[in-house]
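J.: Sequence:
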Amino acid sequence: MNTPVPVIFTVFPRDDGSLNLRLVAALRIPLSFQISPPTPTDTSIRIEDRPGMTVYVLQFGGFAGESEFRTEVSRLTCTLGDSAPFQRKQYLCCSYDPPIKPYGRRNEVWFLQDEP
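Residue 66 in the UniProt record's numbering is what sits at position 66 of the sequence shown, and the numbering runs on without skipping anything.
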């Protein structure tokens, strides 16, 4: 099974914006495996069905690590302002390319919209 894209990390930032040691990594199960996904043998891995969601997204390029994601999170926060209804206790960092791809890389930060 090839690695599906995007690879998504849910981040729970500290009050100063730095990343907490608690991260949740998620991979989308390819469509051909979704009806009957393989059972994980590692107890720290679980399969979950995520409902549809509405997100605010900022796309950016390059190699993305903690500092690049934090910069883009700050940009998206400033762009949305104080009145946008999004969850501030977590955000998602997404990477779409394998590490060996040298250019034309795609990354995103997602803020989950608060439901009314």
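Keep in mind that the hints are not guaranteed to be accurate.
Here are the in silico distance ranges between beta carbons for each label pair [as the list claims (entries may be wrong)]:
(1) PHE33 to PRO13: 30 to 36 Å
(2) SER36 to THR71: 23 to 29 Å
(3) LEU80 to THR41: 39 to 45 Å
(4) ALA25 to SER74: 20 to 26 Å
It should be emphasised that the hints constitute simulated quantities derived from the structure, not laboratory data. Keep in mind the model is a prediction, meaning the values are calculated, not measured. Note that the Cβ used here is the ideal one computed from N, Cα and C, for glycine as well.
J.: Using the C-beta atoms of PHE33 and PRO13, is the stated range 30 to 36 Å upheld?
T.: With Cβ atoms ~32 Å apart, the hint holds.
J.: Holds or violated: 20 to 26 Å for the Cβ distance of ALA25 and SER74?
T.: Holds, at about 22 Å.
J.: SER36 and THR71, beta-carbon distance inside 23 to 29 Å?
T.: violated, 41 Å
J.: Note whether the CB distance of LEU80 and THR41 lies within 39 to 45 Å or breaks it.
T.: The hinted range 39 to 45 Å holds for LEU80 and THR41, with Cβ atoms some 41 Å apart.
In summary, the structure is inconsistent with hint 2 from the numbered list given earlier, while agreeing with all the others.
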